[in-house]
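Student: Residue-level listing of the chains:
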Amino acid sequence: MIEKMENLLEIKNLHATIEGKEILKGINLTVKPGEVHAIMGPNGSGKSTLSNVLVGHPAYTVTDGEVIYKGKNLLELSPEDRSHEGVFLSFQYPVEIAGVSMTNFMRAAINAKLKYKGEPAMSAGDFLKLMREKRALVNLDSKLANRSVNEGFSGGEKKRNEIFQMAMLEPSLSILDETDSGLDIDALRIVAEGVNKLKRPDTSTLVITHYQRLLDYIKPDIVHVLYNGRIVKTAGPELALELEERGYDWIKNENQ
Amino acid sequence: MKKSNNIFKKIADKAYKYGFISNINTEIIDKGLNEDVIRLISSKKNEPEWLLEFRLKAYRYWLTLEMPNWAHLNIPPIDYQAISYYADPLKKKKSNENKEIDPELMKTFDKLGIPLEERLALSNTAVDAVMDSVSVKTTFKEELREKGIIFCSMSEAVQEFPDLVQQYLGSVVNYRDNFFAALNSAVFSDGSFVYIPKGVRCPMELSTYFRINAAQTGQFERTLIVADDDSYVSYLEGCTAPMRDENQLHAAIVEIVVCNNAEVKYSTVQNWYPGDAQGRGGIYNFVTKRGECRGTNSKLSWTQVETGSAITWKYPSCVLRGDNSQGEFYSVALTNNFQQADTGTKMIHLGKNCRSTIISKGISAGQSQNSYRGLVRVAKNADNARNYSQCDSLLLGSRCGAHTFPYMDIHNDSAIIEHEATTSKISEEQLFYCNQRGIDTEEAIGLIVNGYAKEVLNKLPMEFAIEAQKLLSVSLEGSVG
Amino acid sequence: MSNEQEYIELFDSNRALIEEPCAELLNRERAKAYTAFKAMGFPSGKEELYRYTDVRPIFAENYGMNLGRLDVPINPREIFSCDVPNLHTHQEYIVNDTYFSKDGAEALPEGVILGSLNEIATKNPALLEPYYNVLAKGGDGVAMFNTTFAQDGLVLYVSKNSCVERTVQLMNVLRSNVDLLTNRRLLIVLEEGAQASMLLCDHAVEKIKSLSVQVVEVFVGRNARFDLCELEETHGENVRLSQLFVKQEAGSSFNHTTITLTNGLTRNSARVSLEGEGAEVNMYGLAITDKKQHVENNTLVDHVVGRCNSNELYKYILDEESKGVFSGKMLIRKDAQQTNSRQTNRNLCLTKCARMYAQPQLEIYADDVKCGHGSTVGQLDENALFYMQQRGIPADEAKHLLMFAFAGEVIDAIKLDALRERLHILVEKRFRGELNRCKGCSLCK
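Line by line, the protein sequences give chains A, B and C. Position 128 of the first sequence, counting from 1, maps to 128 under this note's numbering, and the rest follow consecutively. Position 451 of the second sequence, counting from 1, maps to 451 under this note's numbering, and the rest follow consecutively. Position 91 of the third sequence, counting from 1, maps to 91 under this note's numbering, and the rest follow consecutively.
Chain A with its partners taken away, still in its complex shape (with noise of 0.2 Å):
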């Protein structure tokens, strides 16, 4: 039998710029259903960029190139719809929002997706219980679904509280942009567990990450690395172990 695998993912020749800065010069890269993809790079790379570009943020122009994501040009969508179709990033460093709280601001976001999908709004019980659900998978407290969004949150629960997001929302494809950031050990192992649970055979990840040490949790299956606005290495899971041992300068070197 013939295993057909249409593309989850599949980003060709982009490029994209920042007030008129390129950063993006030429990226091109592919996920299956199912597969977790690590991107790393030093510092200034474009790893949070391509991220940004992905769901579209608004001060990030596309100068070239395309997206395809499930069949349709990702980037003709907006914020709204990319997240709809299933594209989640869970942010480096998600905002603040004063004075909405967590539940006001779940409750809104679901009901748009529902909405889209042409289904009808949940009801305030069955909205609760789901909270409830997705806040066990990532040991949230509860106080925290009562507060404003990530207001007051340290750290560790601001991110717990982007994977806590992610449950409710079940991405296709979600987009981990230098979660283990600011992470003590015990918060990174809790939000990779998180991750981990979540996954299902025909959602892909990509894991943006400066470390190796959050791949430890998140096993890659594929890993590349990206310079200079450009993918300049792709290999398996043992070229994060390698740029561990190594750092990044030897691939500076390469691609003087």
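Watch out, some of these pointers could steer you wrong.
[What the hints assert, rightly or not] Per the computed footprint, the stretches of chain C lying under chain A, defined by three or more beta-carbons under 8 Å from a beta-carbon of chain A, are: (1) 384 to 396; (2) 405 to 414.
[Stated by the list, open to error] Reference excerpt, derived from the structure (chain A facing chain C, CB under 8 Å, subset only): (3) Pro79; (4) Glu80; (5) Ser83; (6) His84; (7) Leu89; (8) Ile97; (9) Gly99; (10) Val100; (11) Asn104; (12) Ala108; (13) Lys113; (14) Leu169.
No lab work stands behind these hints, which were simulated from the structure alone. Note that beta-carbon positions come from the ideal geometry of N, C-alpha and C, so glycine has one too.
Here the structure of chain A is known, so what remains is to put chains B and C in place on it, guided by the hints.
Tutor: Coordinates of chains B and C only, in the frame set by chain A:
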């Protein structure tokens, strides 16, 4: 509580070290103000007809005005007929040759730390020295002229560059602007004129030193700075006056025009005689300073350290007309004894993408009253305006006042305007900590005040910053005891 | 002829008519105020306090005044009912500027007097003597005008240690078929240890041009506590000039909330004087405006003595061509050591034609104090908007949520639960353009 009251209670005479009087043969015209006096001033300066007309128009308008009373100041009535409007310390030779400089006058400026002989001069600073109504000498004029930079007294500029003067004079501060601007436009005597041509970065600091010496006179100088496209200049201004029991009026105008991509930095260390510990005497400093960023990407930065004057009424402002232009205002205002200050700025956003910053540090001691007053206006078409204002007040003692009166008039939805004001005192703990380390209370206060003002002092050119630091400490001397 | 002169002549020729139904106390103060009004006239737009709201042209309009106290032939209970669910209040009505007698209203706790100003001043002048016009007599021309023409209003008097559990709700209903000037007067006295709360609602029943001049005097005695919430929902033809004077004694607490949802032109002035140590005042304001609405909140917190706290938070959301003004002064007098005072003003301009004028001021004569103010004008946080969009919340919805949160900070300060919840809903609907008035009135359906 009790202790701190004691610390600030004893207000002794402040050590004003510039309070001497120079014995210079000075020609002073009769007191009083009328059209004849204005004609006399104009003729003494051999002015063209248009300038006399300018003065007379301003005078006639001034007659219709009343002194403004909106500031948080208690200004005793001023008898404008009891002031002499022209005092010339330069002796005239018999022939119509150049005036010669009285050696006593040179000594005066030496004593003030402003040597007028170029070989002794501060390194890298050209000085225009103005005493009473007349510019005494301008140094490094020729060196600057080689680069096309004009730096001379206003009287000279009127004679030598009448077109430039006529083009720009009154173009930023109209004679109808306010009471004191009208008065100045009528009677202004001297001041500095600066023109930086296109593409020139002025290689040295330009500075004007203002000195009032004669009694019962006022000083009404007028400064005009034009920075043409892509030019840069840093300009400094210092002022002192003798200690006298009478109040003397200083009503100046400074106008600055900043063209495309040009930058002007204007720094003031204002140390007019502030009056004695009982509030007798001192200068009334009623000044209109304004610059217009006419060109795109132009930048104007005001830095002021105000420690002198009995009463200060002064709002150095930026009109941000060119797109992407920037205005800055950094101020330290210190009042002691019975001084009063109402000072601040106006940032008028007219062009798109303009930014302005206001940092104001007020320090009140003795029985003084110190007010910040500032306006941020964003016009309807001034898209993407950004302003940040921070106004801090430090109170030393419980008999002084510190006030903050900001105005924000915002007419555009893309503006981001932030204003914060705080007030604080020097805590017993801070003083005790310094005492324990062997620093006496007065010195500790000087240290803390300088730390508080650092953000502004850092904006001054280096020699000035050191001078200003000393001045802050000296001005507070006797405010503790 | 200046417009003061018209009112002076109106008063001269109708003095007997005005004074005839009124209590001696009101007429005595009227005479003083009249003299003062003749001398000072209306404030001019050149005066600092009236820089942004020029009242002279307002008074120049041609309004009718009900000086003869003609009965308005309606029962406000029939034409207007408050539609806030579960809001258990003592409901009182002032129709135009006349107190509407509350037949059959429920009993109040002992030691509490609530009713018509004119009636109580007639029956028990000694009770009001120490209070009536004591604070307002130091006011400006508008306050003098009010005292000159005031004929009735409301008194709430809470005697020592008494407590009014239920909020007193006063509905100011405008009802007239001619353009109308009303002149209300409220006097609120809380003796030592007393507690009460009050809700003032301004409603217009008909779309006539109207000018409501209101003076409220509040005395908060030692350790007493008073909450006052004012809600304006009128229409574009209504002008409201309100002046609130508050005197607080030691240990007292006063909370004030002013919410302007729909109006024409409003100028709310509040003068709070903290005259006893340990007094605390919290003032909150919210204005959500569009069209050509004009809302000014002008406050003065006067720290006369030390160890008092004051806190102000005023927020504006300005849409279309509306104009917002916040002018607030904190005055810390010489002996007011250890004052704690904070003032915050936050504004959102939603269009190019909306204008905001902010003037936060500090006037400080004491050194051992903690004082600060902050004022901002800006837009919604773009990062927050994007974050919400990434989670699938459409941009418009995200904006609404953020604006709702922005306004919520003021609404949450309201102590009355039912009202707070109701206001959250009202404000949300206001943002969605679904509603800009209460549904309670039967006339404008």
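Student: Against each hint, give a clear statement of whether it holds in the structure.
Tutor: Now the hints, each set against the structure:
no. : hint       : result
1   : 384 to 396 : holds (count 11)
2   : 405 to 414 : holds (count 4)
3   : Pro79      : holds (4 Å)
4   : Glu80      : holds (5 Å)
5   : Ser83      : holds (4 Å)
6   : His84      : holds (5 Å)
7   : Leu89      : holds (6 Å)
8   : Ile97      : holds (5 Å)
9   : Gly99      : holds (3 Å)
10  : Val100     : holds (5 Å)
11  : Asn104     : holds (7 Å)
12  : Ala108     : holds (5 Å)
13  : Lys113     : holds (5 Å)
14  : Leu169     : holds (7 Å)
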